[in-house]
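Going down the list, the sequences are from chains A and B. Position one of the first sequence corresponds to residue 1 (the numbering used here), numbered consecutively onward. Position one of the second sequence corresponds to residue 1 (the numbering used here), numbered consecutively onward.
It should be emphasised that the hints constitute simulated quantities derived from the structure, not laboratory data. Bear in mind that the values here come from a model prediction, so they are computed numbers and not experimental data. Heads up, the beta-carbon is just placed ideally off N, CA and C, and yes, glycines get one too. Mixed in with the good hints there might be a few duds.
[Said to hold, decoys possible] Here's a subset of chain B near chain A, in silico, CB distances under 8 angstroms, partners left out:
1. Y49
2. R66
3. L320
4. Y363
[Claimed, not checked] Label-pair ranges, simulated between beta-carbon atoms:
5. B:G284 to A:H311: 33 to 43 angstroms
6. A:G52 to B:L205: 56 to 66 angstroms
7. A:V285 to B:M1: 25 to 35 angstroms
8. A:V285 to B:G119: 39 to 49 angstroms
9. B:E303 to A:G50: 47 to 57 angstroms
There are 2 protein chains.
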Amino acid sequence: MRPAFELTATDGAARAGRLRVAHGLIETPAFMPVGTYGTVKAMTPEELYGLGTEVVLGNTFHLMLRPGVPVIAAHGGLHEFMNWKRPILTDSGGFQVFSLKSLRRITEEGVRFRSPVDGSEVRLTPEDSMEVQLGLRSDIAMALDDCTPHPAAEAEARESMERSMRWAARSHARYHRDQPPGGLFGIVQGGMHGALRLASLEALLRLEWPGLAVGGLAVGEPEEERLRILETVVPHMPADRPRYLMGVGRPEDIIAAVLRGIDMFDCVMPTRHARNGHLFTATGVINIRNRVHQSDLSPIDPECDCYTCRHYTRAYLRHLDRCNEILGCRLNTLHNLAFYLRLMRSLRQAIAAGRAAAFATAYLARRAAAVAVA
Amino acid sequence: MRPAFELTATDGAARAGRLRVAHGLIETPAFMPVGTYGTVKAMTPEELYGLGTEVVLGNTFHLMLRPGVPVIAAHGGLHEFMNWKRPILTDSGGFQVFSLKSLRRITEEGVRFRSPVDGSEVRLTPEDSMEVQLGLRSDIAMALDDCTPHPAAEAEARESMERSMRWAARSHARYHRDQPPGGLFGIVQGGMHGALRLASLEALLRLEWPGLAVGGLAVGEPEEERLRILETVVPHMPADRPRYLMGVGRPEDIIAAVLRGIDMFDCVMPTRHARNGHLFTATGVINIRNRVHQSDLSPIDPECDCYTCRHYTRAYLRHLDRCNEILGCRLNTLHNLAFYLRLMRSLRQAIAAGRAAAFATAYLARRAAAVAVA
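Bound-form chain A, shown alone:
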């Protein structure tokens, strides 16, 4: 089914809403844990449901290489393959291909690259990306875009953006050729150039999209630059459709973007940080590998009610991490995702109560106070 969005509350530029897609309802602002290879690393679906996860992101690039679309399609799609009953958004594969740098070649047709799995040459055109995503049967698919390098001068960013817009049109045409299982989102590009961003949005809006994303951010730019781009482009994005900021980010980045009208987020940070022992707390990130936790009988975060914090000490988690125990990755991941999903819930409640800005101020003040004390 085509994604349907309704706003339930606004508070300044911040919005709370409900996005209905084929596999269920997503309350926004929403965070999407990343399930690279058909699994959110270390988690079962039931654990993710228990945390309140309503949607996960699947990586087209990784899944097309391993196990490949035929295996997933034989299961009926990515949902059945990974035993995930709620919505899935798939990316286009573009971002990962562009990250290969020297191993890829871009033409108007699309991208050709050497598979990091077996070294074979692989082609990814807008049509290829759509065929993969249609094969995965995701609820939300993303148009293939040309990821502008950072930094990029105006001419380079313009050329890249204009190619992205031609690819967006090809993605749109191919996705809608047959009966699509979900909906396709377009992606605004244009680097750090506000005028290009607006031109990109204008070009996209010549076609019909059930949602739009802002791509090409979280690529190493300073925070102010990212916020400037959001403040330039978001007010012109259709208010009746969800807005997705791709690849962002830290809790404070998410809060800042929500205050500027963004509805959807994805990032590997909570899951990857967890596996590296970096754990989120109300007063900042702790490194569980630090010796200071060796005999610490307290939980990661005394305010957290997740399974990990209810049952395990920092000393135990540090021990598991030192011994490279899988349970350590599990418990840390569970905690970090609980932190992110609780943050999103708090943001939705704050928006509904008309105190989004106050929530953001209090959140940042508490961390700042903890840093000042430390």
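With the hints as your guide, set chain B onto chain A.
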């Protein structure tokens, strides 16, 4: 509390019983998953309870090195440290120390070895082992024994066994010096020499033990030799106390030992095999890494009702394994432990019904038939 054992059924030499220890009841024949570093690798306690796990084994050697007894004792013991509410048996540390080979030196006092963690010299005497196990507050502790090399001629095996018996007496004295939290088991040694095994048992029985183990098997000896030793020694072991065959083994080894009167088992096989993609089924072990499973939509074992088999295909599990995904280790471990614990349940039921031998025959015949077909 001191372990209390009662037999509930016998069937030939096979026995079913109930072992009550400080943290609960263990139905025998019992299999103890191995929790080396204070975690059964990849599993939460709740998952293990769900499989029917009634007792886990903790490794004294590993835990004394990481995180060390003070950290665990600060939690109140190993149960609290690892959030495990059911019984724990700890080994003596001897087996792992003896496996260090060139890095250890044995004297009458005990063993000195280089820590594989930080290279420091560590001492493990019978008294040290007891102090560690008392600090861990396990329900069942094991006497420190000298692990006889395999193969060992009669003179070498005798010397080793006699040292083990002196260490057993020292273990016994130190364990009972204060109020012990559980009970201490003695270990029969003597290599592959039946007369030495009987002499070892006789020496042990000069002291009071709530249970006895057969050690020094599963060290590379042929199956017939192991069974010959069991048939020699088990009939002379007190019938009113649990008998524990250390480190065994494959499902067929467990069945054979149960038929000869063994009540308790531990082995890393189900958990280690799982992480290597070797999965147990009613018709034998499959290797999920095999290409034949690439597009296989069937579960690991159609007869298995575990979480993994109810929700995931072989194709998905193979994919997770290829991508080194933690969820793969989890799902495989869950399945293999479900297989082992179901086997123990079936054995207990078969003994109660007086059809232990028939169960064993049917079990082995089915695997043999599958091998013949394959």
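Structure-based check of each hint:
1. Y49: violated, 13 angstroms
2. R66: holds, 6 angstroms
3. L320: holds, 6 angstroms
4. Y363: violated, 30 angstroms
5. B:G284 to A:H311: 33 to 43 angstroms: The hinted range 33 to 43 angstroms holds for B:G284 and A:H311, with Cβ atoms some 37 angstroms apart.
6. A:G52 to B:L205: 56 to 66 angstroms: Between A:G52 and B:L205, where Cβ atoms are some 59 angstroms apart, the hint holds.
7. A:V285 to B:M1: 25 to 35 angstroms: violated, 44 angstroms
8. A:V285 to B:G119: 39 to 49 angstroms: violated, 32 angstroms
9. B:E303 to A:G50: 47 to 57 angstroms: Given a distance of about 29 angstroms, which is not inside 47 to 57 angstroms, the answer is violated.
Hints 1, 4, 7, 8 and 9 from the earlier list are contradicted by this structure; the remaining hints agree with it.
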